[in-house]
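Protein chains: 2
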Amino acid sequence: MRKLLNNLLVACAVVGFFSLVGCSSQNDPDKQLSQVFQQGQLAPAQFFTGNAYVIGMVSSDSVFTTAAGEVYFEAGARSNWHLHPSGQILIVTSGVGYHQLIGEPIELIHKGDVVKCPPNVLHWHGASKDSAMSHIYIVPNIEKGIVEWKQPVTEEEYLTVND
Amino acid sequence: MRKLLNNLLVACAVVGFFSLVGCSSQNDPDKQLSQVFQQGQLAPAQFFTGNAYVIGMVSSDSVFTTAAGEVYFEAGARSNWHLHPSGQILIVTSGVGYHQLIGEPIELIHKGDVVKCPPNVLHWHGASKDSAMSHIYIVPNIEKGIVEWKQPVTEEEYLTVND
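Residue numbers (UniProt numbering), protein chains in the order written: chain G, 1 to 163; chain F, 1 to 163.
Here chain G stands alone, though its shape is the one from the complex (with noise of 0.2 Å):
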């Protein structure tokens, strides 16, 4: 019971990689979130276009070195251009979404896929332009390091997308 307490107080301090780029505690409550956990803080203007919603629920220690949590987007938000030393998984948990590695095409991912972002790599992530998204991410291996945030995508980019 002291090990699940422990836990719980991790995840609601809203850990993971997120934390440790300020996330706000704007919350929402009216907003109708899909995501699994119906939970979140307001991402940082600085790192994401539109609103994004974060609960950090895995923090990452020497043993498991594994930050997870989920995002949820509104229709049109995404994340900046990034990217993650040692990779990132991510899960679709709901609605539909767009994934772009530099250089390849924007790809559309929906509930239930699996993306793996490979190390180095700088890629986004975000909600389609009509449909929110919410997606599990993993990082694994922080030791490496967890996130290098870079430019936001702009509408040109975004618009780009062939759905």
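These are computed hints drawn from the structure, not numbers from a lab. Treat the hints with care, since some could be wrong.
As the list makes no split between identical chains, a pair holds if one copy fits it or if it spans any two.
[Unchecked claim] In silico SDA-like pairs for lysine to any residue, Cα to Cα no more than 25 Å straight-line:
#1 Lys111 x Glu74
#2 Lys111 x Asp61
#3 Lys129 x Leu42
#4 Lys150 x Pro118
#5 Lys150 x Val63
Following the hints, position chain F against chain G.
Relative to the frame of chain G, chain F by itself:
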């Protein structure tokens, strides 16, 4: 798109560590599963008591060294005792379940709870007596090994729960 298709094929192939223990293909289309991804394959009776349905979503590889997927347990169903050389992270996605580390009392777990099972510590997890439960599992650093299965959780052990 090629990468996405590859990932979808991987997900559909029911990979992850459960594929290593030989899940059967006896789906039950009438079952109203409440987990995230609404599908799965019946887990093998030699490692589970009652009906559990497994979807292996993320196969490990030398880059990510992480396996992940989801398991749905009908009420009363549970895994055998087992351990993971590099530990395991559970994220409860629906229902109410039990989790127990060897030598400790059974913990109740609910949707949104995160449980870290330490490396090489015998444990089991499953649904509660009266409610189904589903969880995502993450097994990090599987170059150290994935799972070692042990004996079933007896009715006597299962009924020690204090809920």
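Subject >> Enumerated hints in conflict with the structure, sorted upward >> reply: The structure conflicts with no hint, since it agrees with every one listed earlier.
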